[in-house]
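Residue numbers (the numbering used here), protein chains in the order written: chain P, 197 to 431; chain W, 107 to 292.
By construction, these hints were calculated from the structure, which means they are not laboratory data. Everything numeric in this text was worked out from a predicted model, so none of it was measured. Some hints here could point you the wrong way.
Within a straight-line C-alpha distance of at most 20 Å, the following computed PhoX-like cross-link-like pairs (lysine-lysine) qualify [said to hold, decoys possible]: (1) P:K358 with P:K387; (2) P:K308 with W:K173; (3) W:K149 with W:K190; (4) W:K149 with W:K222; (5) P:K372 with P:K387; (6) W:K122 with P:K308.
From the derived model, a few chain P residues whose C-beta atoms are all more than 10 Å from chain W [to be verified]: (7) K234; (8) L327; (9) E367; (10) V381.
Glycine included, each C-beta is placed from N, C-alpha and C at the ideal position.
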Amino acid sequence: MTRQDGGAGIDRFHQEIWELLPWYVNGTLEGREFQEVKDHLDTCSFCQEEVTRLHEIGTTIHAVEDFAWSPRPGQFSRLMARIEAAQALREQAGGWWGGLRARFIEYRSLVKVTPRIIRLGLVAEFALVLLLLGVIFWQSSSGRGLEYRTLSGVTGQMQEGKLRIRVVFAEDISEKEIRELLAAVRGNIVKGPSPLGAYTVELPLSGSSPDPVGALLDHFRSHRKVRLAEPVQAR
Amino acid sequence: MPPDDDLALIRRVVAKDRQAFEALYHRYYPRLSGYLFRLVRRKDIIEELLNDVMFVLWESAPRFTGKSQVSTWIFGIAYRKALKALARLSKKPPEPPAAARELTDRDGPEDVMMRKEIRDTLKRALDALSPEQRAVIELTFQHGFSYRAIAEVIGCPVNTVKTRMFYACRRLRQLLPGLGIHSRLG
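Chain P on its own, in the form it takes in the complex:
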């Protein structure tokens, strides 16, 4: 084989140059490769002939291989009808989940074409929102200041077998009547009176009664000179 047909007779260096020549001819070769080919062509008539042949091939293809084609009238409308039909079929088959997935793919593609710096900003903003939501959730679940308790709860403060209740006495009760009332259940005033006249009374719980809290509350509420008797809520 001769060197002209690019066959077995062509040496490896020339083969590497020849492999680049088509793109040297069409003007897309760049940088180091372009310079190497250009420098080589300055001194090699063999490769210059190949450039000429490639020019002729390219020119022939351009000049003779003309193909004139235009779409028929309404062609684009038919294409859009096909696209819409496919979209309708997909939505019908996918239901709400398919539509959701399609939306997700669309949004994801929009993210991909969004400039990087804007994407980073959006991610940082989203992370901040998540952090704020986490703080709010943590605060609410720790129960700080959000728990609402009523005075009529019957749990009372039952630490170490004792109950505390809040008592408001009538204005005309005597000190002797208060002492007798407390002594009957071994109660002690531990706090008060408050500005509203309420006393906090601590009482031992009796294990013999099936409802010791109820029994103690009945003891105070049944006295005609007790206006209020309610258990103190546990803190």
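Could you slot chain W onto chain P? The hints should help.
Same frame as chain P, now just chain W:
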């Protein structure tokens, strides 16, 4: 066309902008129709193939990453569609020979004969190539792609592109100089 214009159109197509899609259609169908014809060598299926390419473009626009140029991506879709069509066509009878280019008042009888001879010779030469080699020749000389862009279109390593071109050119050199093509071009 500036590549930025194509990218802007693709972004609008992602947002299902039909006007942008139609603009892309009219911008690319002249090049794509010629490219598809030279790959499959049949005029009767060009419209169908072009529609297939544009349909895929519409559906796949959200997945275009922007790492390559839009033209490279579109020609890659067209290349794959053409290969599938060729696989289908291999099972069907061939198309009748294409009609000759219409004469004009300026064409003399010798010009007519010469152009017909050159066209027929080139057609036979290109038909002798594999579809993959034809694609490389077409994308290089007709559409001005770099070898790296061609590798993306065809989906193969750059060395494969160079090898296909090397053997395609060798084959064309064997077939074309037989009629002295280069001496007849004006």
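Hint check results:
1. P:K358 with P:K387: At roughly 15 Å apart (the allowed maximum being 20 Å), K387 of chain P and K358 of chain P satisfy the hint.
2. P:K308 with W:K173: With Cα atoms ~11 Å apart, K308 of chain P and K173 of chain W stay inside 20 Å; holds.
3. W:K149 with W:K190: The given pair, whose Cα atoms are some 16 Å apart, holds under the 20 Å limit.
4. W:K149 with W:K222: holds, 18 Å
5. P:K372 with P:K387: holds, 19 Å
6. W:K122 with P:K308: holds, 16 Å
7. K234: holds, 16 Å
8. L327: Per Cβ check, L327 of chain P is outside 10 Å of chain W; nearest 31 Å; holds.
9. E367: holds, 79 Å
10. V381: Given that every Cβ of chain W is farther than 10 Å from that of V381 of chain P, nearest at about 79 Å, it holds.
Every hint, counting from the list given before, is met by this structure.
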